[in-house]
Each structure stands twice: as structure tokens, then as C-alpha cells.
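> In order, the protein sequence lines correspond to chains Z and V.
For the first sequence, the working numbering assigns the number 373 to the initial residue and increments by one for each residue that follows.
For the second sequence, the working numbering assigns the number 51 to the initial residue and increments by one for each residue that follows.
Simulated from the structure, these hints should not be mistaken for laboratory data.
A couple of the hints might just be wrong.
[What the hints assert, rightly or not] Derived list of chain Z stretches under chain V, where covered just means 3 residues or more per stretch with a C-beta under 8 Å from a C-beta of chain V:
(1) 382 to 392
(2) 402 to 412
(3) 434 to 442
(4) 525 to 535
(5) 551 to 563
(6) 566 to 572
(7) 584 to 598
This one's a predicted model, so the numbers in the text were calculated from it and none came from an experiment.
Ideal placement from N, C-alpha and C gives every residue a C-beta, glycine not left out.
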Amino acid sequence: MTTPSQRMVGIAELRERAAGIKKHVLANLDHYLLETEKQVTAHAGHVVFAQTIDEAVDYIRALARERGVDHLVGASATALADEVGALRQEIESRASEFGSYLAGPAAPPDRAASFEMECLLEAGIGVTGASFVLADTGAVCLAENDDFGCLSSAAPKIHVVVAGMESILPRTRDLAVFLRLLSDRFPHHISLLSGKRRDDEMDGPDEFHLILLDGGRSALLADLEKRELLQCIRCGACLENCPVTPAGHPGALTQLLSLPPLAGPFLAASTLCGTCREVCPVKIDLPRLLVALRQDHRLARSGWRTWLFRVWAFLMQRPRLYEISGLMIRSFWPAAWKGQRPATKSFRQLWRERKN
Amino acid sequence: MSRDAILQAVRTALGRKPFQKPSAGPEPILQVHNWTASERVEQFQSALVAAGGQVSRAPSMSHVREIVEELVAGRPAVASLAPILAECGITSLAGVQSSFSGTEALRHACASATVGITSAWCLLAETGSIVLRASAEEPRLLSLLPPVHIVVVPLRRLLENADEFFGLLPQPADSSSATVLVTGPGRRTLHVILVE
Chain Z
373 MTTPSQRMVG IAELRERAAG IKKHVLANLD HYLLETEKQV TAHAGHVVFA
423 QTIDEAVDYI RALARERGVD HLVGASATAL ADEVGALRQE IESRASEFGS
473 YLAGPAAPPD RAASFEMECL LEAGIGVTGA SFVLADTGAV CLAENDDFGC
523 LSSAAPKIHV VVAGMESILP RTRDLAVFLR LLSDRFPHHI SLLSGKRRDD
573 EMDGPDEFHL ILLDGGRSAL LADLEKRELL QCIRCGACLE NCPVTPAGHP
623 GALTQLLSLP PLAGPFLAAS TLCGTCREVC PVKIDLPRLL VALRQDHRLA
673 RSGWRTWLFR VWAFLMQRPR LYEISGLMIR SFWPAAWKGQ RPATKSFRQL
723 WRERKN
Chain V
51 MSRDAILQAV RTALGRKPFQ KPSAGPEPIL QVHNWTASER VEQFQSALVA
101 AGGQVSRAPS MSHVREIVEE LVAGRPAVAS LAPILAECGI TSLAGVQSSF
151 SGTEALRHAC ASATVGITSA WCLLAETGSI VLRASAEEPR LLSLLPPVHI
201 VVVPLRRLLE NADEFFGLLP QPADSSSATV LVTGPGRRTL HVILVE
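The shape of chain Z in the complex, shown without the other chains (with noise of 0.2 Å):
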């Protein structure tokens, strides 16, 4: 008999088969943009291209403007990465709510604790992230820990969804593998969402419009190199597992899954212990990508201290001249820098004195 918990398939194998899925939708990015925009357009919803996050924030404003609408509520996902900030800075500037919702189990502490109902009701437009877009049916998966996205797609006039472009999936049902992988447990609401209402149904919005967003992705997908970090479903488990990256805090990973990645001081910070890769869903190799990052940063950077990093090379590749140079260090240290004076004698002629 099979116990409740038990998995036929490990999650080895269910990784695997994500980071494929993910993997194979990158591969044929366009194919799917189009076919994500036919299913949409076929649902009675509008699709927007935007190449930036002002793009699409320029476009949910100008949509405010012609429909009459002075309120807006809205809800973000964590798939938009750093985009977020922009979202919820129009939304504010319109004296209206906005809470945010990570899928994941590093949800931050700081948001919004409840939505006014009356705000929700004023609102004409509710404006959400959205964790998945679905290419079959042109629907988008919402996957949150409260139910503000679902409330902000159900009761205002006109939905806007903002979703970044890698997070299409081919099927509906390929959810399934992506649910199980996304947490421990399954997100509070998890809502399927497709087009304007039907004709028959009683609630829900008379327009949707849902903007993809490139904001530096399609530069990404390019760089051969880092393409793998556009598998990311953000589910928050690298930070959350990720020794010095304090939670809700900037950390080497929260730099590394910006977009674009940032080179920056934190990105010394991570000891490339190997943690995040081994907790990834989608099995992304992220300290290859750091020490690739890095690589680009050490590139850009030039001075005195590329030149003492090439000596110290330089010496180190060499026993006996890096023997010598210490030893006339030692013997020709300032007697005025007493604090840091060196050791007396180096750590291979104590290991020699030792060995005898």
C-alpha cells in the first residue's frame, strides 16, 4: 500500500524533467511568445510587448487615463524580479494598495498585512504578476501565499498581468512537475487565469491585458554563457538556503538573479559552497554563473590591484622565488611597522623543521 508522502518519482527525476521543460521553452522562446499571444488574443484578451519595465508601466498608465480609471490596486510576483519596485511605485503614487507575494518559502516580512475592502472595490484597474503564463491557453498561473493577486484580477473592471517573458510554460498540465517544485507545500492560492470573463459568468474582469516583458531578457538569452539563469521560477529556495545572503537582504545571489545579473561588491561575499545548486528546482548551476560573473567583473576592472593580483600569481607559480621574496620580506620589514610584523619564519620552514 502506498503511504500519503510517498513519491513514485524522486525529486531527482522531477528536476530534471523541470529544468528539460524549461530548457526546451527557452530553446524556442519565439515559438512560444507567438503562441502564448494567439491563445490570449483568443481569449478576448489584449497582449503588449514591453522592452522595459517604464514600457509597461507607460502602458498601464496611458490605459488608466483613456478608460477614466483614478485607482489602481495590484499585486506582484517575484518573477519580475527587481521590476517590482517600479509596479508598485505608479500603483502607490495613486493612493492605492499594493501588496506583494513571494511563491516561495522566503516570503518577505514587510508587506502589506491586509488589502481595504473599499480600496479593492474603487479599484477600476488591479494590476499582478504572475508566476507562470501558459502558453496553451494563454492563461496565467498566479502562485501565492495570499489571496491579493487573486483579488486584484477578480474584482476590478480591467486585469493587467506584467509577466517576464521566460516564465511561459507549453501546458497547462506541465504545473504539475513545476507545483511539487515550487514549495514545500502548496501556495495558498494558486489561480489559473484566462482572458475577460465569459459572457455567462457573473464576476470577474471585462478586460485583460497581459504585458510581456523583455527588460534585458532577450540580451540574456543571447549570452550563451548565463542563458541558464532565465530557467529561474523564482521560488526563493537559493536565498532561503543560501549561507550569507541574509534573508530580505542584498546577498551574492539576489545580484546574480537581478536583471541583468549585477557585478557588485556582494558577489565576493559567497564562498561557492555549492548549497543553491544543490536546492534549485530547475537545477541551475548558479556558482559557475558566479564565478563567470565575477570573471566579467575582474575584466572591467583594471589598476594596482590586477598588477599585485599577476606578481602575487607570478610568485606563486614559482616555489623558490616565492621562498626568496618572503625571506626578504622578513629580513627587510620596517622596524617602525612593529603591529604587522611577519612570522619570524615562514609556514614551509617550520613544516621542513618538523618533518626532521
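Fit chain V to the given chain Z structure using the hints.
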């Protein structure tokens, strides 16, 4: 236009031609446990209770009415037009509103009601989830706005998991604008009544 520029950039990045057919991709893995009916009920109950919801079992339709009446306790309630609710006599309970003249009336009623009573398209035993689908009978706001949500579902609608659901209904978004898998009460009170 952004559309063509983005599509062109993607094609250039991938080295693909316009309208080139996609390569063959891997299929998802759908897993079902083949549980017996009683195993499903047991699993559903324990999963939903673990998530913070409540479960009652009603041996017959007439019992459902009693349970619901007790849960509503005279508070203002809205109910959907699902046939099972009418069959159980819930729509005729005092203080339960189930017909709405239009969308505005529905929004207003849902915003002021304490209890929302609906059925569900199916239940998922593995995770203790309820699956709600928007339709002519089931408006979405009934389950979203009132702070208490009561769900009345016949036992035969109890599936094993999302995999079985996606197997039965591979494209749920085609026939309804909203299909929602709700797991646990969230900031609401969730009560599921299983009807034998």
C-alpha cells in the same frame, strides 16, 4: 514597435527563423497514487486540518442544511447557484442571498456578507485543496470577499491531487476565466462539508 523588435531579438539570440517549428520538448510527469476512496477522504481531512481548515462529513443532503445553518448562525450570507446547494435547501435558508440582479449587486452583497457558501469543481486529497471554477453558477467573489467560506461538495468530487485534475481537465482555462486551487483558509475561515 516593441513587439517585432523583441521577437527579432529573441530569434537572433536563438538563431531561429521566423515561424520555425519548435523542437520536441519533454512531457511533464503526472503522478497518481491510486488511493482507495477511504484513503482519499482520510488524506483530504488530515491535509486540510493541517492547513488550518475544518472538515465536516454529512451522511445525507438533509444533514448539510443543518450543519450550514449552525455555521452561518444567523449572520448575513451569500450562496452560489450551484445545484447541490439548492438540493440541500441552503439557498432557501433565512438570511442567505443567492440571486443577484447584476454584477454591482453581487459585489455589494459579497462585500457586506459574513459568510460565502459555494460548491467546488473538485477537491484534491493530497494537499487538502479545493478547486473553484468561475461559471454562470459560481461567481468568484463569493469565496473571496466574505471572511467565512463554506464549501459543500459531494464525495465523488474528491480527486487525489493536482496531477489527476490536470489529467482530467488538461486545459481548465479554456472553459472558464478563472480556475483557483485554494489550499487552507488564509485570512478567512474555511469549512468544507463532504456529502456522502
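> If a hint holds in the structure, say so; if it doesn't, say that too.
Quick rundown of the hints versus the structure:
1. 382 to 392: holds (count 4)
2. 402 to 412: holds (count 5)
3. 434 to 442: Three-residue rule not met by the stretch 434 to 442 of chain Z, so violated; n is 0.
4. 525 to 535: Answer holds; 3 residues pass the 8 Å Cβ test.
5. 551 to 563: The restraint on the stretch 551 to 563 of chain Z holds, since 8 of its residues have a Cβ under 8 Å from chain V and three suffice.
6. 566 to 572: As far as the stretch 566 to 572 of chain Z goes, the hint holds, because 6 residues have Cβ atoms under 8 Å from chain V.
7. 584 to 598: Since three or more residues must qualify, the claim that chain V covers the stretch 584 to 598 of chain Z holds, with 6 doing so at under 8 Å.
Violation of the numbered hints given earlier is confined to hint 3; every other hint is satisfied by the structure.
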